[in-house]
Amino acid sequence: MTNDRLFEKLGALLEVEEDADRKHIKKLRKVLQKLKKSQKELYISLDEIDDEHERRKIKQDIKVLKLQRKKGVKVYKELKQAQAIAQSDLQ
Amino acid sequence: MLGRILLPSIFLVLSYGFWVSSNFKDIAAGVALFLFGMLCMEQGFKAYSGGTLQRVLTSSTDRLWKSLTFGVVSTTLMQSSSLVSVITISFLSAQLIGLAEGIGIIFGANLGTTTGAWIVAGFGLKVNLSAYALPILVFGVVFLMQSSQRIKGLGWILVGIGFLFLGIHYMKEGFAAYSQHIDLTQYAMTGIAGLLVFTLIGIVATVIMQSSHATLTLIITALAVGQITYENALALAIGANVGTTITAILGSLSANISGKRLAAAHLVFNMVTGLVALVFIQPLLGAVDIISSWVGIAETDHTLKLAVFHTLFNLLGVLLMLPMINTLVTWLERRLREDKVERDRPRYLSEASLALPDVALTAVTKETQHLFRNAFTVIAHGISLRRASITSDEDLWQLVETPGKIITLDLDDQYARNIKDIYSANIEFLSRAQAEAPREYAEAYNALRRANMDVVAAIKAVKHLRKNLLPCMLSGNPDIRREYNRFRARIGVVLRELAALRDGDDAVVTLLSLDQIRVAIVDAENQAARAVDKLIRKGLITSQAATSLINDGTYVKEVIQKLLDMYEELHKAALTDDDEVHDELALEPHEIDTIADEVDREQAAETSVRN
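Those sequence lines, one after another, are chains A and B. Under the numbering used here, the residues of the first sequence are numbered 207 to 297, in order. Under the numbering used here, the residues of the second sequence are numbered 1241 to 1851, in order.
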């Protein structure tokens, strides 16, 4: 195999990986947006509801969403950072 | 009985034929190679008929004309109306398409299959196909040795084409040699009798070979060397068109009622078309002559004229039946009704879908959802709650406190009627589908198997719970009564939340919302444990009652856990392999416990401030 062909193959392989990362980031962002929207709606409901039982449930749901979002944001930042490093290495 | 006689008879006829004539051997070998070629091509197209075909089919069958076009194009490409019919039955059984769309595809497939006659008559007879067959076979076998499923699929298609060509070659050679010794036209019949007898022969030949394409190729090659008359060839072609419905009928035997309706529609269409062709044979022949002279087909080129006739009467059939498609759908739905049975049966599984991994996965996912819907009712009744109450907006905690009638039911009987057959069918289907599917489907199939097992485990836990639940719901001790009613409410709430989640669009978001239910469950468990402790401390219940409460609490936990596991597995099966987002965001058990504790403390502080 010539060097050119080898680089071409490697490039294609990297592109596949990059594409998978891009898809992953896109999916993560979409899910995080949906979670944020749900959290906002729950905050609005919390202001409107007096029933103790229901308030307890809403508070739990908000905390779940907050923690899920926190974990998601951490993964998102890591992925973005890895992407930036990969790009700078290529340059 | 017929099967027992038919096969030995075929063997006898073939053996006699091989003994008396080597030319007959060539023709029979040609038909066998042709049929084998079609099987190879079908095998090859199946490699491409998974996700891609499902996507194309669902997006291209929302209008009748689109279904019709899909039928024409797919059959022209695959050169097998039988394969298209069986695939359509599997899609219909899994309810991926409606009956009207399915009928549209079948009509289109009938039109698409006429291209086969054009290819054989226009190309097959004029070119030395055996010269192409062998290199194609060699390339095909090389592709077959590759590991990629898609390349293997291409290999099967090439091998199939190679065998088709070889088959046509042998048929041609056989009939050509035959014509030097025997003149089969001496058995030709004219008039209505000839028309009817040869139509019947066409039907029987196609039923035996299960391929109108093979029958038609046989007719065209025989016609080319003048072994049958043009008139008889037309009748044979009409017969082949009717006989081809046998494949769809056989394919629908293991399908549900939708599949049976589609096979019936196929039969109705081909019978009507055949009847119209027989009745209007003279005007049709006139039209064939006119069209042939327009497109430049020679007066004596009977093989191409047969192709024109074949296309013309199928087109006529489509034009006649197309405006009646909705009437046909209504008629079929009225005539072919689902049997009213005591036991609920699987609705979406079909033998035909087993060969298509994506369709099989969709079918068994829907069947598992069906199982869950049934389990929902059994579990709800098991804890003496109505399904309607659970899915309503009523406050379940208040509802369970209201003294009402206990729902009496034989849980074993309900299990046998609503669960057992579907569960057994799902497990069997999953095992068979997994054996046939590529490795990348294994995780999804395993997840669905676990989901099915979880449903059954949840019902079994309800059965154990009911032993104490029913008497304790009527207990004279209000504390015991309240605690058991809370058990009911806890299960009811989970059922309600799962029912509400079912319509969620994004599988990842839906799965993540299970964490909210999990926190609520932990919170309810903590509260229940504290309540029992309090009751024991204050001496409000006996120690025996307390241990019963603790044991039954374990059953409640199991019911809830199994329901959640089932839901999670069911949705995980829908996730793609590279979908890691759920695993990255989902909460760990300790995080769920922490949230439940935090909210409990905050709520307690809030209450104390208010008081």
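By construction, these hints were calculated from the structure, which means they are not laboratory data. Don't take each hint at face value.
Pulled from the structure, derived: some chain B residues nowhere near chain A, Cβ distances all over 12 Å [unchecked claim]:
no., residue
1, Ile1245
2, Leu1317
3, Thr1602
4, Val1749
5, Val1821
Sample of chain B residues at the chain A side, in silico, Cβ under 8 Å [what the hints assert, rightly or not]:
no., residue
6, Glu1676
7, Glu1680
8, Leu1752
9, Leu1825
10, Asp1833
11, Ala1836
Values in this document were obtained by computation on a predicted structure and should not be read as measured data. Here a beta-carbon is modelled for each residue, glycine too, at the ideal position from N, C-alpha and C.
So, going through the hints one by one against the coordinates:
With 12 Å as the threshold on Cβ separation, the claim that isoleucine 1245/B sits away from chain A holds: the shortest Cβ distance comes to roughly 59 Å. Look at leucine 1317/B: its CB is around 29 Å from the nearest CB on chain A, clear of 12 Å, so calling it non-interface holds up. The claim that threonine 1602/B lies off the interface holds: its Cβ sits roughly 22 Å from the closest Cβ of chain A, which is beyond the 12 Å cut-off. Residue-level check failed: valine 1749/B sits 5 Å from the nearest beta carbon of chain A, not beyond 12 Å.
A Cβ of chain A approaches the Cβ of valine 1821/B within 12 Å, the least distance being about 5 Å, so the stated non-interface status is violated. Because the closest C-beta pair between glutamate 1676/B and chain A is about 28 Å apart, greater than 8 Å, the hint is violated. Contact between glutamate 1680/B and chain A, as hinted, is not supported at the beta carbon level, the nearest pair being about 15 Å apart and thus beyond 8 Å. A hinted interface residue such as leucine 1752/B counts as satisfied when its beta carbon comes closer than 8 Å to some beta carbon of chain A; here the least separation is about 6 Å, so the hint holds.
Checking leucine 1825/B against chain A by beta carbon gives a least distance of about 5 Å; that is within 8 Å, so the hint holds. Look at aspartate 1833/B: its Cβ only gets to about 12 Å from chain A, farther than 8 Å, so that hint breaks. Given the 8 Å rule on beta carbons, the hint for alanine 1836/B holds: about 7 Å separates it from the nearest Cβ of chain A.
The structure fails to meet hints 4, 5, 6, 7, 10 from the earlier list, while all remaining hints are met.
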